[in-house]
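The sequence shown begins at 655 in my numbering and counts up by one.
One or more of the hints may lead you astray.
Claimed, not checked - Calculated pairs, DSS-like style, for lysine-lysine (alpha carbon to alpha carbon, straight line, at most 30 Å): (1) Lys1224 with Lys1208; (2) Lys1113 with Lys1018; (3) Lys1179 with Lys1018; (4) Lys1018 with Lys993; (5) Lys1183 with Lys921.
Stated by the list, open to error - Distance windows between CB atoms, simulated: (6) Asn854 with Glu754: 50 to 60 Å; (7) Pro922 with Arg808: 40 to 50 Å; (8) Pro1066 with Arg808: 38 to 48 Å; (9) Lys755 with Asn839: 24 to 34 Å; (10) Gln1162 with Asp931: 41 to 51 Å; (11) Ser1026 with Ala1092: 31 to 41 Å; (12) Gln1243 with Asp876: 52 to 62 Å; (13) Thr1172 with Phe874: 53 to 63 Å; (14) Trp1040 with Ala949: 38 to 48 Å; (15) Arg808 with Asn853: 20 to 30 Å; (16) Gly716 with Ser1026: 23 to 33 Å; (17) Arg890 with Ile1036: 12 to 22 Å.
Calculated directly from the structure, the hints in this document are not laboratory data. All residues carry an ideal CB built from backbone N, CA and C; glycine is no exception.
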Amino acid sequence: MGGICGWTSCNTEVTESRSLLEDMTKPIMQYDSRPVQMLFGKKSALAVNGHPDNVHTFQGQGIIIGILGNIRLTNNQSDQHSQSHNKAQFFLENWLNIGEKAFANLLGEFTLCIIDENKNQCTLAVDRMGTRSLTCQASGTQLIFSTSLDAIIRHPQAKPQIDAQSLFNYVYFHMIPSPGTIYKNQHRLLPGEYLTFKNNEIITDYYWKPSFEESNTRSFEDLKAELHTLLRSSIRDAIGNESAGAFLSGGTDSSTIAGVLGEVTGKPAATYSIGFDATGYDEMEYARIAARHFATKHHEYYVTPDDVVTAVPEIAAVFDQPFGNASAIPAFFCARMAKADGITRLLGGDGGDELFGGNERYAKQYLFSLYSHLPAFLREKILEPWTKSVSGKQLVPPFRKIYRFVEQAAIPMPARMNTYNLLLRHGITSVFTSEFLATVNTTLPDVLNDQTYHQVNAKSLINKMLAYDWKFTLADNDLPKVVNACELAQIDVAFPLISDEMVFFSTQLRPDYKVKETRLRYFFKEALKDFLPKEIIVKQKHGFGLPFGVWLQKHPQLRALAADSLTDLKARNMIRSDFIDTLLDQHLQEHAGYHGAMIWILMMLEQWHKLRKTQL
């Protein structure tokens, strides 16, 4: 929770300064030294006042350091003296000795800025998984930066302009993938990236990229013991000095965290679950199984359609750019329940699937990958020409399945993972107006997908997909979802399953320990089968999915909210009016869950626009 925000002009000598620490007691925390300014904005007031251990600052030798986050340093000396010494000061000493290499010695989740008055230089960085966002804009001699786009656009030099390309990317991805943002010329740092602003120029580089060891020969028992040790240490670090509770969906990750949380604290873990009164969406029974198994202090709340109507504007407001993951709603109500119970930090299980191979598409893509082992002649001269010469709908069931398999398996990765993309299924020209499409590059999402997938230092299919998901699923989607939902509820959140140590451990596992043929999370589940309830080990993954489409058909106020939002969206001349009408009147009745997702995405886009009174 919280933000770091500032602007700096690095080509003039600093003439005045005062202590950052002195200013951190103010509601709007600001460091002023002309012309260098660093502002801890409104969002960070909660973080600083509620969690002072999260803010680390130091000023000395002409350098100003500001670090926001739950950080540790690999330097043992800093750990030993962390109670009496400033971690930012230790980082500065490291920085002066080895420069940018010092980032690799910083562990935990963080956003960071370094203003070097000696070199007229500003440096920004984010943690390895991009847990919290940091965005910047160069404006002449100034660098404006913040964890909040809403803070940046208040700066007189920002002059925000909505980026049409980002709007297209939003509908494609259901969020705006970094490094892009909703505004032109404002860029978000990628996971493990640092940025240097000097001589009015921005230069970016990585201090860390994932690297996979795919031929590890360590024994299963040795790895199992290390996993248990890492779970305890990561959760202990995530708790810090806070009163901690845990999200509990009843899945493998949240159940594991709930159990280990009780172990390391020596008392029943406080757990929080969300349910839905909708067939096929409610997983409360699995959460109850985990709660009974670990004897947690369990709390439940059933989200209703009325709750959604009330929460939609609040959710649209807390995200500083359009965001289309509907699970932000249950995450918010879960966090609000914990806040009311006196919990100050929630532990989320996000990242476990992406580290250890738990998403269904990993098994599906393994099956498709078997196609490449067929002789090239059979694939290229017989099977693929056959799929192009016939209609799959006219084939009898056995051949129809073969047709569909070959049709998808022949698509190269990573494009094959997007064959179920909502926008592509509807058709780009069917969704967007021709005037809007003339202003965007419709192939850019493919370029972003390819760049992310192919730059991974891995040979195996599963590790390439995992690293791809660390960027698109975690840093761009799931982490912002939970972070912002918790910020709305005014509670802090931590993600122990993506600690630096846990990430490194996962990169050392053999590929078949993650997905063994079609067995997902093979190692993780085998290593914890004596710890977790059997029902949790064998269950299918669902999470806190919102039954929005189903409720939309039955709840008048929710349908009115959606219809009014999409009607107003028509006036922006971005989405075709006939598509919106067909979506609401026909498609929703055909498949509420599937087409309801597109309605949600477009509704949240219009809600975001309304709250900021912005137009293309």
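Sort out which numbered hints this structure fails and list those numbers smallest first. 4, 6, 13, 14, 16, 17
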